[in-house]
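**Student:** Each chain, written out:
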Amino acid sequence: DTEVTQTPKHLVMGMTNKKSLKCEQHMGHRAMYWYKQKAKKPPELMFVYSYEKLSINESVPSRFSPECPNSSLLNLHLHALQPEDSALYLCASSPGQGYNSPLHFGNGTRLTVT
Amino acid sequence: AQSVTQLGSHVSVSEGALVLLRCNYSSSVPPYLFWYVQYPNQGLQLLLKYTTGATLVKGINGFEAEFKKSETSFHLTKPSAHMSDAAEYFCAVRFNAGGTSYGKLTFGQGTILTVHP
Chain A
1 DTEVTQTPKH LVMGMTNKKS LKCEQHMGHR AMYWYKQKAK KPPELMFVYS
51 YEKLSINESV PSRFSPECPN SSLLNLHLHA LQPEDSALYL CASSPGQGYN
101 SPLHFGNGTR LTVT
Chain B
1 AQSVTQLGSH VSVSEGALVL LRCNYSSSVP PYLFWYVQYP NQGLQLLLKY
51 TTGATLVKGI NGFEAEFKKS ETSFHLTKPS AHMSDAAEYF CAVRFNAGGT
101 SYGKLTFGQG TILTVHP
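Taken in order, these protein sequences are the chains called A and B.
Just so you know, the first sequence maps onto residues 1 to 114 in the numbering used here.
Just so you know, the second sequence maps onto residues 1 to 117 in the numbering used here.
Hints are computed from structural coordinates only; laboratory data are not their basis.
Watch out, some of these pointers could steer you wrong.
Calculated pairs, DSSO-like style, for lysine-lysine (alpha carbon to alpha carbon, straight line, at most 27 Å) [what the hints assert, rightly or not]:
| hint | chain 1 | residue 1 | chain 2 | residue 2 |
| --- | --- | --- | --- | --- |
| 1 | B | 69 | A | 53 |
| 2 | B | 104 | A | 41 |
| 3 | B | 68 | A | 18 |
| 4 | A | 41 | B | 49 |
| 5 | A | 53 | A | 19 |
| 6 | A | 22 | B | 58 |
| 7 | A | 9 | A | 19 |
| 8 | B | 104 | A | 38 |
| 9 | A | 22 | A | 40 |
| 10 | A | 38 | A | 19 |
| 11 | A | 19 | A | 41 |
| 12 | A | 22 | A | 38 |
| 13 | B | 104 | A | 40 |
| 14 | A | 38 | B | 49 |
| 15 | B | 58 | B | 68 |
Construct all of the structure, not just a fragment, from the sequences and the given hints.
**Tutor:** What follows is the structure, given as structure tokens:
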């Protein structure tokens, strides 16, 4: 069982919809991440939160809006997405942002934009 | 430029055979190295990570990886493949950003392992 829980597992949304992806971890990790993975590709970093503050934004379009309400929760708010945004969205956490700190991934949310 | 390369997008082995998945990095300073596995419709699971000073790293599910600085490699091996090993494997590296506390985790392109009965 994964220790990083993502909901929902599947999401279908239209281009005018607003939806949110949720991620939760109870390992006491202080860094949390959002990754996007297209089919047959490796994960690509979107955002990093460290101690509940946004520390890295990989030039992600503003239609993706991250939020970290507390040290255990991470949200990704979606608005006015495009069909090419359809992908597997992975949340991850790590004890810190240190170089040797491995990431623990959730099982992802499979997003389809129609 | 710093990069990570996985040689072979697909590897096919027979059950019981040796598994060898290749990973090479390009960097003047040895990076921090990880191997992850991804089963269909799941997230990534950490198999093992390189710890400074150790050349042979043991991971879960019988996998191990050998760090060779001279060859800038971190290949993943398993002596005897099992059907349940069929999955996609990613080599990932954190390059030393020189004085900063954070190194972005960069993934290789992945290798799909198929295991035949």
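**Student:** With reference to the structure, classify each hint as holding or not holding.
**Tutor:** Structure-based check of each hint:
Note on residue 69/B and residue 53/A: the hinted pairing is violated, with a Cα-Cα distance of about 36 Å set against a maximum of 27 Å. Proposed proximity of residue 104/B and residue 41/A is supported: the alpha carbons are some 17 Å apart, at most 27 Å. Note on residue 68/B and residue 18/A: the hinted pairing is violated, with a Cα-Cα distance of about 49 Å set against a maximum of 27 Å. With a C-alpha separation of about 21 Å, the suggested pair residue 41/A and residue 49/B falls inside the 27 Å cut-off, and the hint holds.
The hinted pair formed by residue 53/A and residue 19/A meets the criterion: a straight-line CA distance of about 22 Å does not exceed 27 Å. Taking the CA atoms of residue 22/A and residue 58/B, the gap is near 33 Å; set against the 27 Å cutoff, the hint is violated. The straight-line distance between the Cα atoms of residue 9/A and residue 19/A is roughly 13 Å, inside the 27 Å bound, and the hint therefore holds. Note on residue 104/B and residue 38/A: the hinted pairing holds, with a Cα-Cα distance of about 19 Å set against a maximum of 27 Å.
With a CA separation close to 24 Å, the supplied pair residue 22/A and residue 40/A stays within the 27 Å bound. Using a Cα cut-off of 27 Å, the hinted pair residue 38/A and residue 19/A holds, with the two alpha carbons roughly 19 Å apart. Between residue 19/A and residue 41/A the CA atoms are separated by roughly 24 Å; this keeps the pair inside 27 Å, and the hint holds. A hinted pair counts as satisfied when its Cα atoms are at most 27 Å apart, and residue 22/A with residue 38/A qualifies at roughly 19 Å.
Annotation: proposed proximity of residue 104/B to residue 40/A holds, straight-line Cα distance about 21 Å (limit 27 Å). For the given pair, residue 38/A sits about 25 Å from residue 49/B by alpha-carbon distance, which is consistent with the 27 Å threshold. Distance check on the hinted pair: residue 58/B and residue 68/B sit about 15 Å apart at the alpha-carbon level, within 27 Å; holds.
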